[in-house]
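K.L.:
As a plain string of letters, each chain reads:
Number of protein chains: 2
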Amino acid sequence: MASTQLAALRLQPLQASAGVPLSQCRKHVYTGVYMPGQKAYNAPLAVHQILRLASLQSPPQQLKEGSKSLLGSRSPSSHRQPRIRATASDAEPAAPSNLIGVHWLTWAGGLSEEECRKAIDGSAKLGYDLVEVPLGDPDAVNVPLTRRMLQEANMAATASLGLLPHADVSSDDSEIAAAGEKLLEEAVKVAAGIGATIVTGITYSALHKYPSGPTVAGRRNSVVALKRIAARAADSGIEIGLEVVNRYESNLINTAAEAMELLSEIDHPGVMVHLDSYHMNIEENSAAEAVQTCGDKLRYVHIGESHRGYLGTGSVDFPALFAALAAARYRGPITFESFSSRVVNPQLSNTLCIWRNLWEDSEDLAQHAKAFIDEKWNP
Amino acid sequence: MASTQLAALRLQPLQASAGVPLSQCRKHVYTGVYMPGQKAYNAPLAVHQILRLASLQSPPQQLKEGSKSLLGSRSPSSHRQPRIRATASDAEPAAPSNLIGVHWLTWAGGLSEEECRKAIDGSAKLGYDLVEVPLGDPDAVNVPLTRRMLQEANMAATASLGLLPHADVSSDDSEIAAAGEKLLEEAVKVAAGIGATIVTGITYSALHKYPSGPTVAGRRNSVVALKRIAARAADSGIEIGLEVVNRYESNLINTAAEAMELLSEIDHPGVMVHLDSYHMNIEENSAAEAVQTCGDKLRYVHIGESHRGYLGTGSVDFPALFAALAAARYRGPITFESFSSRVVNPQLSNTLCIWRNLWEDSEDLAQHAKAFIDEKWNP
Numbered sequence: 001m002a003s004t005q006l007a008a009l010r011l012q013p014l015q016a017s018a019g020v021p022l023s024q025c026r027k028h029v030y031t032g033v034y035m036p037g038q039k040a041y042n043a044p045l046a047v048h049q050i051l052r053l054a055s056l057q058s059p060p061q062q063l064k065e066g067s068k069s070l071l072g073s074r075s076p077s078s079h080r081q082p083r084i085r086a087t088a089s090d091a092e093p094a095a096p097s098n099l100i101g102v103h104w105l106t107w108a109g110g111l112s113e114e115e116c117r118k119a120i121d122g123s124a125k126l127g128y129d130l131v132e133v134p135l136g137d138p139d140a141v142n143v144p145l146t147r148r149m150l151q152e153a154n155m156a157a158t159a160s161l162g163l164l165p166h167a168d169v170s171s172d173d174s175e176i177a178a179a180g181e182k183l184l185e186e187a188v189k190v191a192a193g194i195g196a197t198i199v200t201g202i203t204y205s206a207l208h209k210y211p212s213g214p215t216v217a218g219r220r221n222s223v224v225a226l227k228r229i230a231a232r233a234a235d236s237g238i239e240i241g242l243e244v245v246n247r248y249e250s251n252l253i254n255t256a257a258e259a260m261e262l263l264s265e266i267d268h269p270g271v272m273v274h275l276d277s278y279h280m281n282i283e284e285n286s287a288a289e290a291v292q293t294c295g296d297k298l299r300y301v302h303i304g305e306s307h308r309g310y311l312g313t314g315s316v317d318f319p320a321l322f323a324a325l326a327a328a329r330y331r332g333p334i335t336f337e338s339f340s341s342r343v344v345n346p347q348l349s350n351t352l353c354i355w356r357n358l359w360e361d362s363e364d365l366a367q368h369a370k371a372f373i374d375e376k377w378n379p
Numbered sequence: 001m002a003s004t005q006l007a008a009l010r011l012q013p014l015q016a017s018a019g020v021p022l023s024q025c026r027k028h029v030y031t032g033v034y035m036p037g038q039k040a041y042n043a044p045l046a047v048h049q050i051l052r053l054a055s056l057q058s059p060p061q062q063l064k065e066g067s068k069s070l071l072g073s074r075s076p077s078s079h080r081q082p083r084i085r086a087t088a089s090d091a092e093p094a095a096p097s098n099l100i101g102v103h104w105l106t107w108a109g110g111l112s113e114e115e116c117r118k119a120i121d122g123s124a125k126l127g128y129d130l131v132e133v134p135l136g137d138p139d140a141v142n143v144p145l146t147r148r149m150l151q152e153a154n155m156a157a158t159a160s161l162g163l164l165p166h167a168d169v170s171s172d173d174s175e176i177a178a179a180g181e182k183l184l185e186e187a188v189k190v191a192a193g194i195g196a197t198i199v200t201g202i203t204y205s206a207l208h209k210y211p212s213g214p215t216v217a218g219r220r221n222s223v224v225a226l227k228r229i230a231a232r233a234a235d236s237g238i239e240i241g242l243e244v245v246n247r248y249e250s251n252l253i254n255t256a257a258e259a260m261e262l263l264s265e266i267d268h269p270g271v272m273v274h275l276d277s278y279h280m281n282i283e284e285n286s287a288a289e290a291v292q293t294c295g296d297k298l299r300y301v302h303i304g305e306s307h308r309g310y311l312g313t314g315s316v317d318f319p320a321l322f323a324a325l326a327a328a329r330y331r332g333p334i335t336f337e338s339f340s341s342r343v344v345n346p347q348l349s350n351t352l353c354i355w356r357n358l359w360e361d362s363e364d365l366a367q368h369a370k371a372f373i374d375e376k377w378n379p
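So the protein lines, in turn, are chains A and B. Residue 379 is where the first sequence ends in UniProt numbering, and the numbering goes up by one at each step. Residue 379 is where the second sequence ends in UniProt numbering, and the numbering goes up by one at each step.
Think of the hints as simulated: they come from the structure by calculation, not from any bench. Mixed in with the good hints, there may be bad ones.
[Stated by the list, open to error] Covered by chain B, according to a simulated footprint, are these stretches of chain A (three or more residues, beta-carbon under 8 Å): (1) 190-202; (2) 311-321.
[Said to hold, decoys possible] For each label pair, taking beta carbons as the anchor points, the in silico distance ranges come out as: (3) 231/A <-> 371/B: 34 to 40 Å; (4) 313/B <-> 173/A: 55 to 61 Å; (5) 114/A <-> 185/B: 48 to 54 Å; (6) 367/B <-> 265/A: 45 to 51 Å; (7) 175/A <-> 342/B: 22 to 28 Å.
Note that beta-carbon positions come from the ideal geometry of N, C-alpha and C, so glycine has one too.
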């Protein structure tokens with residue numbers, strides 16, 4: 001039986017046992033990944049979405065465990081054929097399965113029609129399952145166009161942003177904190193519109209080299225705002241990620257342990273931790289320790305080299321990271337991220353201090369990364 | 001024959017063959033390391049200084065080669081007994097020998113008398129050969145006091161700073177560039193006053209997360225200013241280092257290759273490259289490649305962990321770095337650098353984004369680092 005058929009058959013019992021209304025499931029399945037004019041929709045992602053919704057509504061433990069085998073699809077080669085592995089009801093334990101993604105900025109600095117085509121079709125052509133859309137300026141996204149293109153290419157999407165110094169939920173200035181919450185809210189709306197399932201990044205503070213450490217009042221503002229945003233996002237089937245970044249990009253969360261602490265204060269099941277190999281290489285004792293610290297709260301992973309260029313050409317210990325993810329039975333997306341002054345988003349490139357060319361050819365870079373991940377990720 | 005006696009005997013022939021006037025040699029030997037009330041001065045450092053002066057004045061190749069065995073002293077344990085190894089005139093090739101240093105900020109955030117005592121005596125007690133004095137604000141240094149304390153403790157000194165956004169030789173605003181040159185000049189004066197032999201750090205731009213990339217005019221200003229400063233510094237027997245730092249601390253030099261390029265434009269023998277394992281872990285393909293790129297222009301090395309805490313607890317591959325330094329027959333100082341919010345310099349800590357405690361006890365940290373370097377550095 002084809003994997004997509006298998007998944008389709010399982011949708012109804014899954015949503016029923018998860019206690020998620022079918023109407024809500026369908027909404028997400030179809031807005032997110034239904035492909036008009038094609039015979040299949042992205043079944044693994046549909047299942048992923050139902051299970052995520054279920055998780056947000058506190059499903060029975062049995063389902064939660066079963067869901068681990070269904071949180072994505074991995075293309076073992078550049079040929080994109082979504083796969084569904086065994087479920088919890090099968091006799092054998094489920095084999096891991098992950099969506100493999102690529103960051104938009106690998107392809108394009110902006111979100112014009114031409115850039116959408118480049119990023120989405122380029123990613124699809126190389127066998128990626130998802131593309132991470134930058135939402136630093138949510139108004140810049142042409143929602144219907146982006147959604148249509150994602151659907152046509154059978155690509156899943158996630159979205160990411162870093163808040164801004166003047167729109168920062170971790171500010172102790174209530175106006176700036178409110179502006180940060182508004183920006184997050186807009187990002188969630190746009191993410192839902194394009195069919196993304198995750199909004200992650202520096203959602204808890206500004207993407208910014210802070211001039212001083214965090215304040216108690218600012219931290220409280222961040223916690224309160226994220227709790228509210230997480231509740232609203234869950235209504236749209238969207239999870240909020242806390243990306244752990246290095247000290248130059250935030251003063252609030254630089255380690256997995258710090259993320260877990262904030263997460264426990266936020267106390268909402270729709271918030272999760274997002275680790276990134278580039279940042280871990282700077283801040284963590286080891287990637288293994290960071291992965292272990294997060295446990296099942298780790299639900300998004302960025303794969304980036306130490307200098308943000310070609311994978312395998314820097315100092316990140318990828319075998320150790322992949323071994324840690326395998327040991328943790330990590331099932332979430334694994335998204336490649338890289339930056340070079342070759343592809344420039346005027347806002348993001350300067351904020352991220354991209355001063356030199358680490359690569360010239362987006363396609364060669366992304367193809368290399370896909371092959372690298374396929375080769376190393378053997379859980 | 002005791003090593004100090006051996007070195008003393010060699011001072012005169014060395015200075016003669018290097019073509020350095022004896023008066024100038026003596027000035028540096030005695031202002032830098034002479035210890036009234038003690039029977040010996042720091043002979044290896046004295047020789048180091050003569051040879052450096054010689055090098056600035058283009059010595060014969062023969063002397064340059066011979067000098068490699070004399071550029072410092074390494075204490076093999078916490079017992080501080082300077083050692084002179086074989087010279088070029090000996091039958092066997094010289095064994096490497098390096099001064100092992102520690103950054104002031106390991107001990108204290110400021111430069112008061114109490115803080116001087118803590119930093120200098122603390123370093124000496126643990127067997128370090130030199131201490132790196134922060135010169136971000138040269139006026140804050142009590143020159144006679146610091147010099148006296150260094151002499152009393154038989155400690156060599158180097159000095160470091162990062163220029164400031166409003167005093168930045170790489171600015172294309174000529175007033176800001178001139179203010180940067182003035183700050184460097186003051187730093188060199190203070191360094192000479194306390195007996196330091198090196199002024200290094202971000203001497204070529206501001207220590208700053210730049211809002212955009214470098215400009216052609218700014219780069220030119222930096223080159224011109226450094227050429228002038230290097231000439232003035234050489235008159236005081238001081239070398240200028242270009243510390244290669246990560247993208248968040250400068251937009252001009254993030255890799256060894258970029259440093260070598262700027263160095264060739266400056267074109268003065270008194271300017272050298274300073275590599276740092278913390279920064280290399282972010283920016284370089286590998287420490288080995290970086291060390292190789294610099295060749296004999298590498299004359300200062302910072303040893304720091306990936307998160308700037310305890311050595312060996314992060315992701316820096318120290319065995320590979322030390323192997324590369326040994327292969328390059330590196331003879332310059334090796335200085336441990338670490339930062340924690342436990343020891344705070346209000347200016348530097350925020351600029352370096354030190355948001356968390358990576359350690360509590362300066363002495364334990366520095367002792368651990370000394371033992372770590374002694375164990376790993378076996379060239």
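K.L.:
With respect to the beta-carbon atoms only, verify the hint that residue 313/B and residue 173/A lie 55 to 61 Å apart.
P.N.:
The hinted range 55 to 61 Å is violated for residue 313/B and residue 173/A, with Cβ atoms some 37 Å apart.
K.L.:
Holds or violated: 45 to 51 Å for the Cβ distance of residue 367/B and residue 265/A?
P.N.:
The hinted range 45 to 51 Å is violated for residue 367/B and residue 265/A, with Cβ atoms some 37 Å apart.
K.L.:
Count residues of the stretch 190-202 of chain A with a Cβ under 8 Å from any Cβ of chain B, then say if the count reaches three.
P.N.:
Since 0 is below three, the answer is violated.
K.L.:
Are residue 114/A and residue 185/B spaced within 48 to 54 Å by their CB atoms?
P.N.:
For residue 185/B against residue 114/A, whose Cβ atoms are near 52 Å apart, the range 48 to 54 Å holds.
K.L.:
That 34 to 40 Å hint for residue 231/A and residue 371/B (C-beta), does it hold up?
P.N.:
violated, 52 Å
K.L.:
Counting residues of the stretch 311-321 of chain A with a beta carbon closer than 8 Å to any beta carbon of chain B, are there 3 or more?
P.N.:
As far as the stretch 311-321 of chain A goes, the hint holds, because 5 residues have Cβ atoms under 8 Å from chain B.
K.L.:
Taking 22 to 28 Å as the hint, is the beta-carbon distance of residue 175/A and residue 342/B inside that range?
P.N.:
violated, 34 Å
In summary, the numbered hints that this structure violates are 1, 3, 4, 6 and 7.
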